[in-house]
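Protein chains: 4
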Amino acid sequence: MKVHLLAYTAMPEKVVAGAAKLCYSDSDVDTLMEGLTEEKTERFVRTLSEVGHESPVEHASFTFAIEGVSRSFLAQITRHRLASYSVQSQRYVRLDNFEYVTPPAISEDPETLRVYEEAMRRDAEAYDAITNHLKEKYTAEYVAQGLSAKSAASKAEKRAIEDARFVLPNACTTQMVMTMNVRSLRHLFMIRCCNRAQWEIHQVADEILKLVYRVAPTLFESSGPSCVALGRCPEGKMTCGMFAEVQEYYKRLKEEIDNER
Amino acid sequence: MKVHLLAYTAMPEKVVAGAAKLCYSDSDVDTLMEGLTEEKTERFVRTLSEVGHESPVEHASFTFAIEGVSRSFLAQITRHRLASYSVQSQRYVRLDNFEYVTPPAISEDPETLRVYEEAMRRDAEAYDAITNHLKEKYTAEYVAQGLSAKSAASKAEKRAIEDARFVLPNACTTQMVMTMNVRSLRHLFMIRCCNRAQWEIHQVADEILKLVYRVAPTLFESSGPSCVALGRCPEGKMTCGMFAEVQEYYKRLKEEIDNER
Amino acid sequence: MKVHLLAYTAMPEKVVAGAAKLCYSDSDVDTLMEGLTEEKTERFVRTLSEVGHESPVEHASFTFAIEGVSRSFLAQITRHRLASYSVQSQRYVRLDNFEYVTPPAISEDPETLRVYEEAMRRDAEAYDAITNHLKEKYTAEYVAQGLSAKSAASKAEKRAIEDARFVLPNACTTQMVMTMNVRSLRHLFMIRCCNRAQWEIHQVADEILKLVYRVAPTLFESSGPSCVALGRCPEGKMTCGMFAEVQEYYKRLKEEIDNER
Amino acid sequence: MKVHLLAYTAMPEKVVAGAAKLCYSDSDVDTLMEGLTEEKTERFVRTLSEVGHESPVEHASFTFAIEGVSRSFLAQITRHRLASYSVQSQRYVRLDNFEYVTPPAISEDPETLRVYEEAMRRDAEAYDAITNHLKEKYTAEYVAQGLSAKSAASKAEKRAIEDARFVLPNACTTQMVMTMNVRSLRHLFMIRCCNRAQWEIHQVADEILKLVYRVAPTLFESSGPSCVALGRCPEGKMTCGMFAEVQEYYKRLKEEIDNER
Chain V
4 MKVHLLAYTA MPEKVVAGAA KLCYSDSDVD TLMEGLTEEK TERFVRTLSE VGHESPVEHA
64 SFTFAIEGVS RSFLAQITRH RLASYSVQSQ RYVRLDNFEY VTPPAISEDP ETLRVYEEAM
124 RRDAEAYDAI TNHLKEKYTA EYVAQGLSAK SAASKAEKRA IEDARFVLPN ACTTQMVMTM
184 NVRSLRHLFM IRCCNRAQWE IHQVADEILK LVYRVAPTLF ESSGPSCVAL GRCPEGKMTC
244 GMFAEVQEYY KRLKEEIDNE R
Chain B
4 MKVHLLAYTA MPEKVVAGAA KLCYSDSDVD TLMEGLTEEK TERFVRTLSE VGHESPVEHA
64 SFTFAIEGVS RSFLAQITRH RLASYSVQSQ RYVRLDNFEY VTPPAISEDP ETLRVYEEAM
124 RRDAEAYDAI TNHLKEKYTA EYVAQGLSAK SAASKAEKRA IEDARFVLPN ACTTQMVMTM
184 NVRSLRHLFM IRCCNRAQWE IHQVADEILK LVYRVAPTLF ESSGPSCVAL GRCPEGKMTC
244 GMFAEVQEYY KRLKEEIDNE R
Chain X
4 MKVHLLAYTA MPEKVVAGAA KLCYSDSDVD TLMEGLTEEK TERFVRTLSE VGHESPVEHA
64 SFTFAIEGVS RSFLAQITRH RLASYSVQSQ RYVRLDNFEY VTPPAISEDP ETLRVYEEAM
124 RRDAEAYDAI TNHLKEKYTA EYVAQGLSAK SAASKAEKRA IEDARFVLPN ACTTQMVMTM
184 NVRSLRHLFM IRCCNRAQWE IHQVADEILK LVYRVAPTLF ESSGPSCVAL GRCPEGKMTC
244 GMFAEVQEYY KRLKEEIDNE R
Chain P
4 MKVHLLAYTA MPEKVVAGAA KLCYSDSDVD TLMEGLTEEK TERFVRTLSE VGHESPVEHA
64 SFTFAIEGVS RSFLAQITRH RLASYSVQSQ RYVRLDNFEY VTPPAISEDP ETLRVYEEAM
124 RRDAEAYDAI TNHLKEKYTA EYVAQGLSAK SAASKAEKRA IEDARFVLPN ACTTQMVMTM
184 NVRSLRHLFM IRCCNRAQWE IHQVADEILK LVYRVAPTLF ESSGPSCVAL GRCPEGKMTC
244 GMFAEVQEYY KRLKEEIDNE R
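Protein sequence lines correspond, in order, to chains V, B, X and P.
In short: position in the first sequence from 1, add 3, done, that's this note's numbering.
In short: position in the second sequence from 1, add 3, done, that's this note's numbering.
In short: position in the third sequence from 1, add 3, done, that's this note's numbering.
In short: position in the fourth sequence from 1, add 3, done, that's this note's numbering.
Calculated directly from the structure, the hints in this document are not laboratory data.
Watch out, some of these pointers could steer you wrong.
Same chains, same names: a pair is fine if it fits in one copy or spans any two.
Taking lysine-lysine and the DSSO-like style, the derived pairs with C-alpha atoms no more than 27 angstroms apart in a straight line are [stated by the list, open to error]:
1) K5 to K257
2) K240 to K254
3) K5 to K213
4) K257 to K213
5) K140 to K240
6) K240 to K158
7) K5 to K158
8) K254 to K43
9) K213 to K43
10) K153 to K240
11) K43 to K240
12) K257 to K153
13) K161 to K140
The model shown is predicted, which means the values in this text are computed figures rather than measured ones.
Build the full structure now, drawing on both the sequences and the hints.
Written out as structure tokens, the structure is:
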């Protein structure tokens with residue numbers, strides 16, 4: 004799995020501070036933005052969080068490319084609806100030698116890993132067998148309809164793959180581009196950096212947090228799972244009970260990035 | 004696959020007509036609603052479509068339960084973001100004898116079907132083997148930490164399943180509850196009733212169209228794929244070129260429901 | 004101001020409980036829904052709130068007609084974006100004898116009230132004068148272009164009103180139809196039932212809360228301003244400091260409705 | 004009225020092209036992005052429009068500061084819900100010498116202008132009179148409760164303004180920061196650059212179109228009102244009938260910007 008920060012709103016913290024300041028000010032925009040030194044920007048962004056004024060952070064958005072994640076991950080991330088996604092289509096991309104994600108718990112257990120890899124290998128074989136069989140059949144049909152051999156084969160392959168992919172496992176990797184504004188990102192971290200989140204989306208959420216904290220530290224200085232962001236766990240009796248460890252983990256994650264500066 | 008209409012906004016067409024009428028009227032709401040006979044409601048809903056006034060139809064929403072659809076379907080439907088979803092979790096539901104969707108093109112081809120069913124059987128075996136192996140290991144860990152045998156087994160199973168599901172194929176069935184308002188539904192039909200849409204989501208979209216047309220015929224009388232709804236194909240050179248057949252298909256689909264009345 | 008509950012999703016609490024149950028269950032939908040007695044529905048809806056599982060409540064939505072509210076209210080309510088609105092247009096509705104909202108603090112102060120009513124009267128006069136002047140001018144233009152006197156007058160009036168309305172005050176009343184699902188409604192209550200919210204939107208939010216609590220008491224039993232819903236104030240140093248009074252107020256509001264049952 | 008482009012996603016066209024390309028490609032993100040020359044980016048963005056593939060353009064968003072617009076404009080623009088807004092609050096900003104928008108049709112007509120300006124002047128007077136009267140009263144109350152004179156006056160003024168603003172006219176200016184992605188912007192142009200749109204929002208939409216066309220010409224090359232963007236009017240019998248003139252206007256508007264390059 005690899006996450007790239009592809010692009011983001013220029014000067015995200017200044018834009019957020021400017022938007023928030025304008026709500027309470029009589030000055031025109033040019034004067035407002037000029038007055039926003041780095042220090043004042045920081046102070047303003049912090050005040051917003053303290054008084055629970057959430058909407059101005061929506062003005063800054065971040066775009067990520069995410070590679071080598073499973074179809075399981077895809078199903079989970081796209082449940083976040085206040086975001087934009089462009090996902091590699093399983094309908095168009097031939098997956099001859101398909102790549103897949105291996106859960107760490109399976110990697111660490113040789114016996115389970117053997118079963119897992121065998122399952123992957125056989126799925127790839129079944130996928131290829133079904134694709135080829137259907138493709139041959141459809142090509143013949145299209146040629147009979149008068150298409151050229153080349154054009155028939157291309158059309159047939161697309162159609163064959165559409166059904167063959169039903170045998171592909173959740174583990175199969177995909178790639179996507181995702182855009183979220185800061186408000187959506189903070190919510191993503193609250194839910195998915197949580198100890199109780201599934202490991203893969205947790206890892207991706209941590210990667211994203213590192214990337215955005217690096218370029219907009221004040222906007223994300225209190226970001227993390229709910230227990231970090233809110234100072235309390237909203238899951239009631241389903242809490243993981245590891246408050247101190249989680250706090251420590253995200254404090255260190257941010258300190259490491261601060262130290263690189 | 005089976006789609007149930009679980010619930011919807013009471014009197015959907017009257018609510019939409021009332022909301023639209025209020026935009027251009029000076030009357031109070033009670034007077035407006037009383038004046039809305041069935042005939043006037045119909046006429047008003049039709050006028051809205053004719054002048055391209057889309058927002059009032061958002062006031063009516065429909066809730067569906069969808070069973071026996073594949074994980075591929077899930078990935079596609081949840082890309083419609085102006086909707087609400089509750090999806091059966093693969094993390095919590097044990098799938099001992101798992102059910103799966105078989106694409107019609109595969110069912111019709113005995114040789115391909117054999118390969119397909121064999122793949123499904125082996126995936127189920129791999130899933131069970133991995134689940135059991137990891138469960139045993141985790142149970143031992145939890146017991147060593149002092150948990151009771153029963154509680155250790157339950158916790159271990161959940162954790163085991165979370166990783167074992169990576170071997171499950173796209174074909175695996177799931178179930179969900181989905182709510183969309185009329186505006187989102189009309190957009191769904193435009194995209195997914197299209198001849199170029201993947202067969203499974205096309206089938207589900209057709210089922211949904213039948214269900215809502217039955218209870219709100221005027222709201223959905225011009226619904227269907229883009230070529231039916233707009234009278235032209237927006238996909239340019241990628242059109243299927245079967246305009247007449249598609250028109251005829253959706254005309255009949257609605258007539259059959261009308262005839263049952 | 005008057006708020007009507009126009010329509011809502013049939014059996015809102017059962018739909019929500021059914022959707023939530025389906026996430027963790029292997030049963031099919033019919034079995035699930037049949038098993039949902041009133042008591043089980045209540046218990047399930049409550050559990051959802053306790054574990055912070057918010058999305059299933061989106062499946063139920065409520066549609067309101069809101070009359071006699073000011074343009075100030077309109078500007079505030081439409082900032083809630085996860086909702087649908089149909090608003091009476093100032094562009095099309097002639098406001099000869101226009102109606103307006105009077106803030107209670109102004110009603111209670113005779114001297115201020117006199118200034119206020121005088122301002123309203125003069126705004127109405129200016130609106131009428133501008134409308135008539137422009138209408139006359141435009142009618143002449145349209146007649147010169149060859150339109151019939153009647154058609155010219157109608158077209159001219161519309162155009163005149165579009166500009167004349169710039170003199171209308173915030174106090175002018177409007178009416179609208181609004182639809183929100185339960186998740187949006189709960190958020191509305193958190194923000195707008197707050198002691199620090201502006202009085203008019205606070206009043207409307209309270210009316211809405213009463214209407215939905217009446218038909219879906221379990222879904223809204225912990226609803227109210229943030230301090231009621233979350234048990235703490237998120238506004239930090241800007242808190243109103245009246246925690247006990249606010250709790251008491253919303254407890255009574257609900258008890259009164261319970262007693263009517 | 005003045006519109007500033009405050010910030011936007013870095014390399015908006017390349018990000019969109021990269022996201023779209025990734026959907027149909029097997030390459031990793033770095034390879035994809037490197038391969039995107041300016042020419043290929045243009046070609047790819049154009050193809051997206053031609054085949055009606057709308058979602059990738061969501062990855063680029065633009066943030067504007069909009070000054071000197073009326074409260075009427077505010078009411079209209081905020082109906083676009085797939086956007087983020089930070090609006091100057093009438094509750095907190097004292098408007099001693101308030102500024103207002105004058106519709107061009109009123110400016111051009113001396114007699115109407117006189118009535119209009121007189122109405123504005125009297126609204127300002129009423130606003131000040133009500134504010135001062137209530138402020139005095141509240142200050143006395145707060146001082147009686149033990150607050151310092153200064154703190155009482157500040158609190159009293161805020162409370163007074165909240166009600167006094169009910170007399171302010173629609174014409175009063177406000178300022179805001181607004182963020183929209185390209186998909187929302189294109190929709191805004193379709194609705195608001197239309198000949199039938201109200202003049203003020205039409206002017207702002209044109210200004211926004213110029214600003215974004217300047218920095219991302221390929222993304223917005225076919226943008227404009229529906230008749231320009233779609234090549235046909237969706238309003239049926241309510242069409243303005245000036246297809247050729249509108250086409251010409253937006254063609255020139257873009258050419259002028261092209262010529263500045």
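Hint by hint, here is what the structure shows:
no. : hint         : result
1   : K5 to K257   : within (19 angstroms within a copy, 40 angstroms between copies)
2   : K240 to K254 : both (25 angstroms within a copy, 25 angstroms between copies)
3   : K5 to K213   : within (12 angstroms within a copy, 38 angstroms between copies)
4   : K257 to K213 : within (7 angstroms within a copy, 41 angstroms between copies)
5   : K140 to K240 : between (57 angstroms within a copy, 26 angstroms between copies)
6   : K240 to K158 : between (54 angstroms within a copy, 15 angstroms between copies)
7   : K5 to K158   : neither (33 angstroms within a copy, 30 angstroms between copies)
8   : K254 to K43  : within (24 angstroms within a copy, 42 angstroms between copies)
9   : K213 to K43  : within (24 angstroms within a copy, 32 angstroms between copies)
10  : K153 to K240 : between (61 angstroms within a copy, 19 angstroms between copies)
11  : K43 to K240  : between (41 angstroms within a copy, 20 angstroms between copies)
12  : K257 to K153 : neither (55 angstroms within a copy, 40 angstroms between copies)
13  : K161 to K140 : within (13 angstroms within a copy, 43 angstroms between copies)
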